[in-house]
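Chemist: The lines below spell out each chain.
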Amino acid sequence: MSLSAPPRLLEVKDLSVHFKVYSGVLKVLDGVTFSVDAGEKVGLVGETGCGKTTTMKAILRILPIPPAVVPRGEILFQGEDLLRMRPDQMRQVRGPGISMVFQDPTASLNPVFTIGEQLGPVIRYSAPENRGLSRRQIRQKALIPLQDVALADPERLLDAYPIQLSGGMRQRVCIGMALATNPELLIADEPGTSLDVTIQDQVIRLLGELVERKRTSVILITHSLGVVREMTDRVYVMYAGNMVEVAPTRRLFANPLHPYTRGLMEAVPKLTGGGMAMGIPGRLPSYQHPPSGCRFHTRCPHVMPVCRREKPPFFQAEAGHQAACFLYSPEAERHRNEAQA
Amino acid sequence: MDDEVLIAQDLKKHFVIGYESLMNRRPITVKAVDGVSFRVRRGETLGLVGESGSGKSTIAYMTVGMVQPSGGTLLFRGQDLFANGLKRALPLRKEIQIVFQDPGSSLNPRRTIQQILELPLRIHAPGKDLGQEVVRLLDLVDLPPEYMHKYPQMLSGGEKQIVAIARALATNPSLVILDEPTSALDVSVQGKIINLLIRLQREFDLTYLFITHDLSLMRNVASRVAIMYLGRICEVADAAEFFQFPQHPYTQMLLSSIPVVSEAEEAVKPKKIISTGEIPSPVNLPKGCSFHTRCPQVMDICKHVDPILVGTSAGHTARCHLFEQPVEVTAQGWPT
Numbered sequence: 011m012s013l014s015a016p017p018r019l020l021e022v023k024d025l026s027v028h029f030k031v032y033s034g035v036l037k038v039l040d041g042v043t044f045s046v047d048a049g050e051k052v053g054l055v056g057e058t059g060c061g062k063t064t065t066m067k068a069i070l071r072i073l074p075i076p077p078a079v080v081p082r083g084e085i086l087f088q089g090e091d092l093l094r095m096r097p098d099q100m101r102q103v104r105g106p107g108i109s110m111v112f113q114d115p116t117a118s119l120n121p122v123f124t125i126g127e128q129l130g131p132v133i134r135y136s137a138p139e140n141r142g143l144s145r146r147q148i149r150q151k152a153l154i155p156l157q158d159v160a161l162a163d164p165e166r167l168l169d170a171y172p173i174q175l176s177g178g179m180r181q182r183v184c185i186g187m188a189l190a191t192n193p194e195l196l197i198a199d200e201p202g203t204s205l206d207v208t209i210q211d212q213v214i215r216l217l218g219e220l221v222e223r224k225r226t227s228v229i230l231i232t233h234s235l236g237v238v239r240e241m242t243d244r245v246y247v248m249y250a251g252n253m254v255e256v257a258p259t260r261r262l263f264a265n266p267l268h269p270y271t272r273g274l275m276e277a278v279p280k281l282t283g284g285g286m287a288m289g290i291p292g293r294l295p296s297y298q299h300p301p302s303g304c305r306f307h308t309r310c311p312h313v314m315p316v317c318r319r320e321k322p323p324f325f326q327a328e329a330g331h332q333a334a335c336f337l338y339s340p341e342a343e344r345h346r347n348e349a350q351a
Numbered sequence: 139m140d141d142e143v144l145i146a147q148d149l150k151k152h153f154v155i156g157y158e159s160l161m162n163r164r165p166i167t168v169k170a171v172d173g174v175s176f177r178v179r180r181g182e183t184l185g186l187v188g189e190s191g192s193g194k195s196t197i198a199y200m201t202v203g204m205v206q207p208s209g210g211t212l213l214f215r216g217q218d219l220f221a222n223g224l225k226r227a228l229p230l231r232k233e234i235q236i237v238f239q240d241p242g243s244s245l246n247p248r249r250t251i252q253q254i255l256e257l258p259l260r261i262h263a264p265g266k267d268l269g270q271e272v273v274r275l276l277d278l279v280d281l282p283p284e285y286m287h288k289y290p291q292m293l294s295g296g297e298k299q300i301v302a303i304a305r306a307l308a309t310n311p312s313l314v315i316l317d318e319p320t321s322a323l324d325v326s327v328q329g330k331i332i333n334l335l336i337r338l339q340r341e342f343d344l345t346y347l348f349i350t351h352d353l354s355l356m357r358n359v360a361s362r363v364a365i366m367y368l369g370r371i372c373e374v375a376d377a378a379e380f381f382q383f384p385q386h387p388y389t390q391m392l393l394s395s396i397p398v399v400s401e402a403e404e405a406v407k408p409k410k411i412i413s414t415g416e417i418p419s420p421v422n423l424p425k426g427c428s429f430h431t432r433c434p435q436v437m438d439i440c441k442h443v444d445p446i447l448v449g450t451s452a453g454h455t456a457r458c459h460l461f462e463q464p465v466e467v468t469a470q471g472w473p474t
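Protein chains in written order, with the numbering used here: chain A, 11 to 351; chain B, 139 to 474.
No lab work stands behind these hints, which were simulated from the structure alone. The reader is advised that the hints may include incorrect statements.
[As the list claims (entries may be wrong)] Covered stretches of chain B (in silico footprint by chain A; criterion: 3 or more residues with CB under 8 angstroms from a CB of chain A, positions within the stretch not fixed):
no.	segment
1	237-246
2	328-334
3	401-410
4	414-428
[Said to hold, decoys possible] Only part of the chain A face toward chain B is listed, based on derived beta-carbon distances under 7 angstroms:
no.	residue
5	E240
6	L281
7	A287
[Claimed, not checked] Label pairs and their computed distance ranges (CB to CB):
no.	chain 1	residue 1	chain 2	residue 2	range
8	B	N162	A	N192	19 to 29 angstroms
9	A	Q174	B	G209	25 to 35 angstroms
10	B	S419	A	G284	33 to 43 angstroms
A virtual CB, placed ideally from N, CA and C, is assigned to each residue, including glycine.
I would like the entire structure built from these sequences, with the hints used as guidance.
Modeler: In structure tokens form, the structure reads like this:
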């Protein structure tokens, strides 16, 4: 990297995560590489079990080790490798550096403490100058994140238990809590999935406005292509522990390249009607015995001999638009001819 | 009249969730379904759409006879489904089957696929060659016959749901209730299930009551759509008409909240209506129209008087004061 270019906010290089289980080793993440710039909203899309959440947990180092192991890779956050940090250094990163909103707000809030009791410590440890504050001062400060997420009557909410709030309100509390530390990077893992459509719309819109105002970078993890399209600047598509495509959001939706991304886009039911596509045949491969070469080749309609032999690297199709597929390699013609021979 | 397979008239289900106090034994109820009327025609797919807590699943459970209504009637080909309470004659039970949302929990993990498919056959078709029937059922849904020796956990989510569909078809029903059959599945397998359901519907002249929260999905499968909000139906129309001219403010809000994936879809959505407010608790319903707390077009009357379903065009009804004759407030207050 040249010295003049500032380091990216987050740069994940060749990250692999395996799980050692009774029956063998599950090779879940297989060389995941991606980056997030300051102020950028990045989407990470993929179906159940493709490794989205594992990637994020690896970044925050909250993977259960064992059974998880990280055999190789680097996670550079503001130029420093999180994988090499001591636990106490890592604690400094969680919160002020990176914070997270989880999918199910009911599970991420403790049912036996009030919102105030859970929000208080977040405020206290979010900045060194907050350490010495009195309880009353912390309480005053705790009102701000609740106001940020447009919750009515925050004073009363501080004394409420999570069960007294609706799902949408709980998720707002979680978003407020995650942003209370003014993090550089917010990881939002399916923030609207457990909510109703109209409430999801509210929550996603609120999240978008807040990060815009606070200039926080975001990684939005979701399986919903629609949410990604409305909220992000750039999208990574993930399949079976691999990044398969990256593009600016508009371009990805206008012209998806990777056969998996295309299949996914076709499979989404359209509001314009016209019937349902058949979807993608087959199923997610086993992580214990992943297919050789490209992990998608078992389901791919365009499979070529080379796909079974080699793992495709990212090929540049247009500026900023890359796909990990041999169809876009400079030698695609040769690969195709090999298929016919 | 022969054409209408299922008719619900003023159907109600109020669950008692507690009492006001030890002394005052007035029950506190959740009005899960509160006066719902609809008709399902033979061979059609009626989409019942609503958010969580709107009562759509309760309607499904009443139709298959798992839950007894607190009021109103439910007629199947003119027969009252609750003439004997929850006890329903075998031939009637055979005609109405259901596919549940989560195949992971609706299939017994200790039974093989063969045992799962045999059970309805033993009850409803005694004397038939069970082994042959199971193979026929698997063939019907394009699963290889070897699958009958597998256990549910050996199958993928999509395959499990296909087995659940085969089980529903085992009794040769005429009405199948699909309670969010694809919402636990990934989009890439959703299409396969839906296309299978559509094929089976044609093949066996099935009638579907399709329950979902996904309007984009409804656009592609339903012939008619009914929207529910807090135990009431607020709009019913033929699918094409419904998506082109949504009438009720709630429907418009719902449609404009859907995240879509293309410009073409963006164009058919109603103009952006900012969704506001929370869904009120079904224990404590707002007075008047239950949507008035979130409605962008709320009028004074909405806070006092409950609207009724009125026709807005052919085959299209909506429950909203915007489409009723204007009512004036009098010295005695709002008419009720």
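Chemist: Hint by hint, note whether the structure agrees.
Modeler: Status of each hint after checking the structure:
Using a Cβ-Cβ cut-off of 8 angstroms, 0 residues of the segment 237-246 of chain B lie near chain A, which falls short of the minimum of three, so the contact claim is violated. Under the rule that three or more residues need a Cβ within less than 8 angstroms of chain A, the assignment of the segment 328-334 of chain B holds, with 5 such residues. Coverage of the segment 401-410 of chain B by chain A holds [criterion: at least 3 residues with CB-CB distance below 8 angstroms; count 4]. Beta-carbon proximity to chain A at under 8 angstroms applies to 3 residues in the segment 414-428 of chain B; the threshold of 3 is reached and the given coverage holds.
With 7 angstroms as the threshold, the beta carbon of A:E240 comes within range of chain B, its nearest partner Cβ sitting at about 5 angstroms, so the hint holds. Interface hint status for A:L281: upheld, as the beta-carbon distance to the closest one in chain B is roughly 4 angstroms, under 7 angstroms. Taking 7 angstroms as the C-beta contact cut-off toward chain B, the hint placing A:A287 at the interface holds, the least distance being around 5 angstroms. At roughly 51 angstroms, the beta-carbon separation of B:N162 and A:N192 lies outside the given 19 to 29 angstroms, and the hint is violated.
The supplied range of 25 to 35 angstroms is met by A:Q174 and B:G209, whose beta-carbon atoms lie about 31 angstroms from each other. A C-beta distance of roughly 39 angstroms is found between B:S419 and A:G284, which places it inside the suggested range of 33 to 43 angstroms.
Violated hints, in rising order: 1 and 8; the structure is consistent with all others.
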